[in-house]
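Assemble the complex: chain A is given as a structure, and chain B must be docked to it using the hints.
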Amino acid sequence: MILGIPDPQIVIGYGLAIGLALACIVYGWLHWNEEDDSNGS
Amino acid sequence: MAVDTLTMTVLVLIYLAATLAIGYIGYRQTKSSEDYLVAGRCSHPVIIALSYGATFISTSAIIGFGGQAANLGMGLIWLTVLNIGAGILLAFIVFGKKTREIGHRLSAVTFPDLMCKLYKSPLLQYIAGFIIVISMPLYTAAILIGGARFIEPTLGIDYTTSLLVFAVITAVYVVFGGLIAVMYTDAFQGTIMLIGMTVLLAFTLVAVGGFSAGSATLTIMAGLVPKTLAAQGMSGWTVMPELGSPIWFTVVTTLVLGVGIGVLAQPQLVVRFMTAKDNKSLNRAVLVGGPFILMMTGVAFTVGALSNVWFYQTSGKIAIDAAGGNVDAIMPLFINQAMPDIFVVIFMLTLLSAAMSTLSALYHAMGTALVCDIWGRGRECALSLRAHQAGIVVMMVVSTILAFLLPVSIIARATAMFMGLCACAFLPAFAIGIYAKVPSTRAALSSMVSGAVVWFAWTAFVHAAEAKPLGLCQAIFGTPTLLGSPWTAIDPIVIALPVSFVVMGFLQLQCSADQPVAEATA
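Chains as they are written, first to last, in my numbering: chain A, 1 to 41; chain B, 42 to 563.
Bound conformation, chain A alone (with noise of 0.2 Å):
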């Protein structure tokens, strides 16, 4: 059991979900002055 909960599937979207939410977290850092290659105009 962990953080309470018996059912790995709940764990696993629970650590999912928090680790996306850091992924946008670094890829926006990462990111954020990354020049485009093309501006669309």
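A portion of the hints provided could be inaccurate.
To be verified - For each label pair, taking beta carbons as the anchor points, the in silico distance ranges come out as:
| # | chain 1 | residue 1 | chain 2 | residue 2 | range |
| --- | --- | --- | --- | --- | --- |
| 1 | A | His31 | B | Gly366 | 44 to 52 Å |
| 2 | B | Leu205 | A | Ile12 | 40 to 48 Å |
| 3 | B | Gln551 | A | Leu30 | 38 to 46 Å |
| 4 | A | Pro8 | B | Leu57 | 44 to 52 Å |
| 5 | B | Lys478 | A | His31 | 23 to 31 Å |
Treat the hints as calculated values from the structure; they're not laboratory data. Given the structure is predicted, the values throughout are model-derived calculations rather than measurements. Cβ coordinates follow ideal geometry from the N, Cα and C atoms, glycine included.
Okay, now just chain B, sitting in the frame of chain A:
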């Protein structure tokens, strides 16, 4: 309720005044049709992220789906996984950047306009516009009903007046300020939502003794699962339903897949990508968008499930019993009974913000679809500010009338139906179209029509949750559904979306294979 009506009315009026003032700033900055339709294509990354998130998350996500988590358990956290993984990462990085680039290059101003210019097919623009104008009022009406149902007891105003005032006040800043006003107010409302959900999580964790202790207690409470749910495959709030059981199909296909994937091709969200100045803005928006969605749906589902612990410890009942069997009443009841008075106020403003931010985006998307994509398509009037303002008013009136005609229990169902239809009709043509070298018009048209038709057929004749209340199957075939279990529990999106993708992929590949032959012949 815990807070007196006068205090609540004053705070709501302050909130509305601030919203209208921000809307007025948007109105002052709107000088051209491009400002009105795509916010001048130069929105700030934080505005894009908060506007996208606040539009994405409606009252239904917090109240409706939070209540579902209280009833069906923590398995709904997988919807948050899809909300962030598909709704933010995939949407912004894979679809958003391409959409922005193509939108800028082709000067597209609405989602159907983008499809038309991408595929060089006015017919596609008409069909996409038609689907929006027909289906979006259903979702809009659901948001209006939800908002009015909340305003009625909170401010002590009768339902009809609540609905009319809610519809008109939101329409005012959309009509005059266009997308700039919508996005500015969305950002303000998104900030309120973020504060409200953060405080809700903190108070809930304190009330149940922390996440681990609360979850452990919830695990021990598994024996209290109602017999009707247990018979359908639910064995506790901290475990997934039994694989292949009716509850499993409901959680996984309707709630997780239906809503999680449905978000990818919603016209009012796709337009947000076209408001970005450059791809750098979208990269930066991802940083804000992911945590924002986690704090919305992740918190709603966690609090919903843990509310069972609080209700049981204080009243000896589980959440659904405490709420008298009404899933939609669980979250408001928990807030009113478990939270300090000041938080009740914050949460009410959070709900109002969630409803208004989604409603304003829908008004804008419907009005512009009516004018730009149907009535004035290909003509100069398609970009007329006055015409768009009239279009938004017309669609606001249609949605309001529909809200009075629909049953009040339609909120969650209408939300899921709209998202399902959007995904089945638009997603394959949109996703493949923005990446294909030579997008096939025939493939897009066939995909869009087949997706919409199969979705409708499954909804009306097989999926019990809609087929039974619609009554079409009963009237034509004399039976409530054409197929039996487990098909009746499988959401239409699980059937219609693969059909739409297969049609799109097959015809697109055929088109690509024909291309070199055509070039050689030429």
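Status of each hint after checking the structure:
| no. | hint | verdict |
| --- | --- | --- |
| 1 | His31(A) / Gly366(B): 44 to 52 Å | holds, 48 Å |
| 2 | Leu205(B) / Ile12(A): 40 to 48 Å | holds, 46 Å |
| 3 | Gln551(B) / Leu30(A): 38 to 46 Å | holds, 40 Å |
| 4 | Pro8(A) / Leu57(B): 44 to 52 Å | holds, 47 Å |
| 5 | Lys478(B) / His31(A): 23 to 31 Å | holds, 26 Å |
Checked against the numbered hints above, the structure violates none of them.
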